[in-house]
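Can you build the whole structure from these sequences, using the hints too?
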Amino acid sequence: MSDTKTFVYMNRKAPYGTVYALESLEVVLIGAAFEQNVKLVFMDDGVYQLTKNQDTDGIGMKNFSKTYSALGDYDVNQIYVCEQSLKDRGLTLDDLQELTYEDEDDDWAEKSSIHLVSRDQIAEIVGSADVLLNF
Amino acid sequence: MKFAIQVNEGPFTHQASDTAYQFTKAALENGHEIFRVFFYHDGVNNGTYFGVPPIDDRNVQQQWSELAEKHDLDLVVCVAAAQRRGIMDEDESKRHGKGTSNIAPGFRISGLGQLIEAGIQADRLLVFGD
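Protein chains in written order, with this note's numbering: chain S, 1 to 135; chain F, 136 to 265.
I should point out that these hints are in silico values taken from the structure, not numbers from a laboratory.
Mixed in with the good hints, there may be bad ones.
From chain S, some residues computed to sit far from chain F (all C-beta separations above 12 Å) [said to hold, decoys possible]: (1) 3; (2) 4; (3) 13; (4) 18; (5) 78; (6) 93; (7) 120; (8) 134.
Capping the alpha-carbon separation at 27 Å, the derived lysine-lysine pairs in DSS-like fashion look like this [what the hints assert, rightly or not]: (9) 137(F) with 62(S); (10) 66(S) with 52(S); (11) 111(S) with 5(S); (12) 5(S) with 137(F); (13) 13(S) with 52(S); (14) 205(F) with 137(F).
Beta-carbon label-pair distances, calculated as ranges [said to hold, decoys possible]: (15) 245(F) with 64(S): 14 to 24 Å; (16) 265(F) with 6(S): 35 to 45 Å; (17) 161(F) with 62(S): 34 to 44 Å; (18) 127(S) with 163(F): 39 to 49 Å; (19) 215(F) with 66(S): 14 to 24 Å.
All C-beta atoms, glycine included, are put in the ideal place defined by N, C-alpha and C.
In structure tokens:
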């Protein structure tokens, strides 16, 4: 496929309670095969999707949080987390999983995929989208 | 312009499918192209043939089916979302031993790649529903 577009996935809901977080991840993983420019934004309750040590035993839901760590292998490495949303929920970067990728332009150095961003920066990311998918 | 449509809500509870239908119809009548309509999440419920709404209400599925027949529309139901919610064509039904299928005329079952392709090929991807 010669066309390359920028796909922005907005993730704004908690990982459990609704199906949207899981379905978003499904689309991102399938979409990775199309070799597009992919950006993931996590804001509002969506920041909970990336928290580490998730335990779903008590609610009977599938814990899919480990799947996020595979994103780097799919060349999905532009992950933007709203700093204010973390702060509003008493969370910091340390509460999130480490998501990394190997940078082929830098001798395969392992780098973090996560970037903390302001709401203004999120507006810019949304503005850069050819295709915007909200979850 | 070439549009792709994504429908995320089932019929009747939300108006999203109706609005998507009205938009699609108006776009086609005004000479635009609809690359594909993709039904995701509860939106797959628009594709069941077994809905029988009261006679004085609109039949959302039938509206889509008729529009598809008239304009040769590509109505795609996400396979994983459909399996969860019991929307099946004959092949799927046989594979899962269900004995009957319920996909409505004009709808077909396929994967999420169809949504991504629609996003790439269309000038605009419009999403209806949460």
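Here is what the structure says about each hint:
Its closest Cβ contact with chain F, about 5 Å, brings residue 3(S) to no more than 12 Å, contrary to its assignment away from the interface. Residue 4(S), annotated as away from the interface, has a beta carbon of chain F within 12 Å; the closest lies near 8 Å. Non-interface call for residue 13(S) relative to chain F: violated, since the shortest CB-CB distance, roughly 9 Å, does not exceed 12 Å. Residue 18(S), annotated as away from the interface, has a beta carbon of chain F within 12 Å; the closest lies near 9 Å.
Separation of residue 78(S) from chain F is adequate, the least Cβ-Cβ distance of about 17 Å exceeding the 12 Å criterion. With a closest Cβ-Cβ approach of about 29 Å to chain F, residue 93(S) is found to remain outside the 12 Å limit, as its non-interface label requires. The beta carbon of residue 120(S) is kept farther than 12 Å from every beta carbon of chain F, the shortest such distance being approximately 24 Å. Its closest Cβ contact with chain F, about 7 Å, brings residue 134(S) to no more than 12 Å, contrary to its assignment away from the interface.
Distance hint between residue 137(F) and residue 62(S) is unfulfilled; the C-alpha atoms sit about 38 Å from each other, more than 27 Å. For the given pair, residue 66(S) sits about 9 Å from residue 52(S) by alpha-carbon distance, which is consistent with the 27 Å threshold. For a cut-off of 27 Å, the pair hint linking residue 111(S) to residue 5(S) stands: about 24 Å separates their Cα positions. Note on residue 5(S) and residue 137(F): the hinted pairing holds, with a Cα-Cα distance of about 15 Å set against a maximum of 27 Å.
Restraint check: the Cα-Cα separation between residue 13(S) and residue 52(S) comes to about 16 Å, which is no more than 27 Å; the hinted pair holds. Taking the CA atoms of residue 205(F) and residue 137(F), the gap is near 18 Å; set against the 27 Å cutoff, the hint holds. The beta-carbon spacing between residue 245(F) and residue 64(S), approximately 23 Å, falls within the hinted interval of 14 to 24 Å. Range check, residue 265(F) to residue 6(S): Cβ separation about 23 Å, and the 35 to 45 Å hint is violated.
At about 40 Å, the CB distance of residue 161(F) to residue 62(S) agrees with the hint of 34 to 44 Å. Judged by the Cβ atoms, the range 39 to 49 Å given for residue 127(S) and residue 163(F) is violated: they are separated by roughly 30 Å. At about 19 Å, the beta-carbon gap between residue 215(F) and residue 66(S) stays in the expected band of 14 to 24 Å.
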